[in-house]
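2 protein chains.
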Amino acid sequence: MLATIIHGERDVRVEERPKPELVEPTDAVVRVVAACVCGSDLWTYRGVRSVASPKPIGHEFVGIVESVGDSVSDIRIGDFVISPFTSSDGTCPSCLHGMQATCDHLSFFGAKDTNGVPLAGAQGEFVRVPFADGTLVPVTEDFDEALVPSLLTLSDVMSTGHHAAVSAGVGPGATVVVVGDGAVGLCAVLAASRLGATRIIAMSRHEDRQALAREFGATDIVAERGAEAASVIRDLLGGVLADAVLEAVGTRESMEQALAAVRPGGRVGYVGVPAGGAEFPIQFLFDNNISIAGGMAPARAYIPELLVDVLSGAIDPGRVFDLELPLTESAEAYAAMDERRAIKVLLRP
Amino acid sequence: MLATIIHGERDVRVEERPKPELVEPTDAVVRVVAACVCGSDLWTYRGVRSVASPKPIGHEFVGIVESVGDSVSDIRIGDFVISPFTSSDGTCPSCLHGMQATCDHLSFFGAKDTNGVPLAGAQGEFVRVPFADGTLVPVTEDFDEALVPSLLTLSDVMSTGHHAAVSAGVGPGATVVVVGDGAVGLCAVLAASRLGATRIIAMSRHEDRQALAREFGATDIVAERGAEAASVIRDLLGGVLADAVLEAVGTRESMEQALAAVRPGGRVGYVGVPAGGAEFPIQFLFDNNISIAGGMAPARAYIPELLVDVLSGAIDPGRVFDLELPLTESAEAYAAMDERRAIKVLLRP
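Chain order of the listed sequences is A and B. Note that the working numbering has the first sequence beginning at 92, numbered continuously upward. Note that the working numbering has the second sequence beginning at 92, numbered continuously upward.
The following block holds chain A by itself, in its conformation from the complex (with noise of 0.2 Å):
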C-alpha cells in the first residue's frame, strides 16, 4: 500500500509498505477514507523532534472497517468509523473515567502498539487499529460525502479543541479568548460558541483565520499580543479579563498570553503540546484564583456527542480544510501547512 513516510527534516515521501494485517484478536484494520496533516506534524517536519530513521506518520483518519479480529463485537467489516488519535482499550479505568488520553493500553498511529508492535501511521492507504471496540466510533447513520471533512476533524482538532472548551468550563454566558489561530484554536472558537459562550475573543492575526474564527462564532478578533492584548481584551469586556482562556499553542510566549487573559477566579484550559519554556506560575495562580485544566484530548469520549451535531449539520468543523490533495502529494500537504499557504490539509488515498 501507499504511506507517508517521514525520512527527516522537511522530507517526507509516499512510498510502497506492506499493508497492515489484523495481529491481536482485539484489532481491526480500516481502508482510510481521508486522512490529514496535523499540526503536530509539522514539529517533526521542522526537525523540532528528529527523525532517527524513516518512519510513517500522521494519526488523524476516517475509513471503512476491512477486517476484525475474533475478539472485536461492536465494530463490523463495512462499518464507517471515525477513529480519535490513539488507540484506547475502552475498559481500564482511565476510559471508564472518559479519560481515553491516559488509557493503560494507550498507543499512537505511526509508532507501536503496547506489545511492541509498529503500527502504520493515518496517512496512508490502510491502518491496523488495536483495540477497535474501544477505539473507533462506528457512523451508522447515512451521511453526505461532502460531511466527511466534518467528520475527520472529530479524530483529532474539533476534539482537541472542544477539551479545551470543556477543561476551561465553558458554559452558557461565558466571556472566552482563544490563544491560536490554527486548526485547533478555530475549532476551540466553535466548541465555545457550541457550548454557550456569548463572548469569544479570537486572537490572531491573518485575515483567513480570522474570517473562519467569525464563521465559527467569534465576537472579536484581537490581533494585539502581550500586555497590549489584554489590554484590548479588558476593554472590550467591559474592564474585565475573561472567565476562561482557551490555550492553543503550547509555547511559553502563548501560556502568558494565556495567563495574561483570564480574569482572577477564571480557568485557562490547555491543549497545546508543551513546547519547552512553558510554565505555570504557582504564586501567580495562588493569588488570582486562577485554574489550570488540559493536556492531550480524549477523543474518544467526546466523539458521539460532537458526532450528533456533525450528523445534524449544526457545526462545521471541517471548514479548517482549505485544501485538499491526493495522498500521492503528501509532501506539498506538509510545505503548505509549513509556509502557512494553508490551515489544515485533508489528504485522499
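Fair warning: there could be bad hints in the mix.
One copy or two, it doesn't matter: identical chains are merged, so the pair holds either way.
Taking lysine to any residue pairs in the SDA-like style, the calculated list, with each CA pair at most 25 Å apart, reads [said to hold, decoys possible]:
1) K110 x S403
2) K110 x R122
3) K146 x R316
4) K110 x E306
5) K146 x T205
6) K203 x D378
7) K203 x Q374
8) K146 x D378
9) K146 x G181
10) K203 x F375
Hints are computed from structural coordinates only; laboratory data are not their basis. This structure is a prediction, so every number in the text was calculated from the model and none was measured.
The hints should help you fit chain B onto chain A, whose structure is shown.
Chain B alone, transformed into the frame defined by chain A:
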C-alpha cells in the same frame, strides 16, 4: 483596648492599643466575641516572615457590631457577625463573580485598608471592618452559644477547606485524598464529606488529628508519605489513584504528594499558601490531564451556605479548636500551636 501584637520571632504580647473608630462611611466597628490563631500566623511567629516593627495580628473573628458608618445598610448595630479573613467591597467584578478573594478593595486585618489606614488585628477586643456590607455576614437566627467555635471557623479554616474541595470539583461519589492535617486539612475532610465524597483518605501521622479526621468523615488514614503513600492510596482505592486531592499545606513536598496521589484526569484543589519551592510540572500535568485550581478562599462567598449547615448542626467544624484561652494568653496560644500541643486555639477577649 487589648490587642495581640507580634514583636518578632516567638515574641507575641497582649498590649493596650487605641480602640478602632469608624473612618469611612462604609466601615463598621465590631466587638470581638471570639478570635483564633491561624497556621499562617505561625509563619510570622516562627520568623519565616520577618516583622519590621511590632504589628497587630490575627484575621479570624466573630463578634457584635458596635457602630456602623452612614453608608452601611445591611449590617446593623447589635448584629452578631462572621467576618471573612479579608474585607471585600461586594460590588467589584471579582465580588460579583463570587471571587471576593481578589476584590478590588481587598484588605487584611492587622494590615492596612486600601487607603493605607491601619486595621486592627482580629486577636484583640475591637476591629474596624472596611466595606461592612460587602464583608460581614450577619447571623440573623438565634443560636446556642456552643456554636460560636463552629461559626468562627467560617471566617477562614472551614471556608478554606471548602474552597479546596470546590476547586477540586468534589461531588457525590468522589474519591478524595487530603494532604495536610492542620485545621484547614481537617476542615477539607469535613467539606469533602459534606459534598458527598464516598471515600476520603486523610494523610496524617498524629493520633489526635487522625481521630478528628475520622469524626469529620475520613474513611481511611494514611500515615505513609511519598511514593509509599501513593502506593497505599492506590491499593485502598482498588488500583486507581484519587479523583480529587485537596492540598492544604503549601510546601514543595506537600504539592508533590498531592500530584502523586491524583489519578489521570483528576483534580488538585490547593489552598496552602505557596511557601516557596512548590511547582506545577506542566508536562506531567499535560500528560495526565490533571487540573489544578485553588488559591485564597473567597470565604465571603461560602459563608452563607456553610452557615446554614452549622446552624442546623449538620456540620460541627468548631471541633478543630482543642484549646480555648482568654485573649490575655495569646502568647501561650501561639506556643501551644507552634509546639503542636494544640491543633487550633480559640481566644476570648
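Consistency of the hints with the structure:
In this assembly of identical chains, the alpha carbons of K110 and S403 never lie at most 25 Å apart, being 35 Å within a copy and 70 Å across copies at closest. In this homomeric assembly, K110 and R122 come within 25 Å of each other (Cα to Cα) only inside a single copy, at 10 Å, whereas the closest approach across copies is 82 Å. For the identical chains of this complex, K146 and R316 are neighbours neither inside a copy (37 Å) nor across copies (43 Å), given an alpha-carbon limit of 25 Å. Taking the shortest Cα distances, K110 and E306 never come within 25 Å of each other, neither inside one copy (40 Å) nor across copies (63 Å).
In this homomeric assembly, K146 and T205 come within 25 Å of each other (Cα to Cα) only inside a single copy, at 17 Å, whereas the closest approach across copies is 62 Å. In the homo-oligomer, the alpha carbons of K203 and D378 lie at most 25 Å apart only across protomers (18 Å), although the nearest pairing inside one protomer, at 43 Å, exceeds that limit. Taking the closest pair of Cα atoms, K203 and Q374 come within 25 Å of each other only across two copies (22 Å); inside a single copy the shortest separation is 40 Å, beyond that limit. In this homomeric assembly, K146 and D378 come within 25 Å of each other (Cα to Cα) only across copies, at 23 Å, whereas the closest approach inside a single copy is 46 Å.
In this homomeric assembly, K146 and G181 never come within 25 Å of each other (Cα to Cα): the closest approach is 28 Å inside a single copy and 60 Å across copies. Taking CA atoms no more than 25 Å apart as the test, K203 paired with F375 passes between copies only; the shortest distance there is 22 Å, against 40 Å inside one copy.
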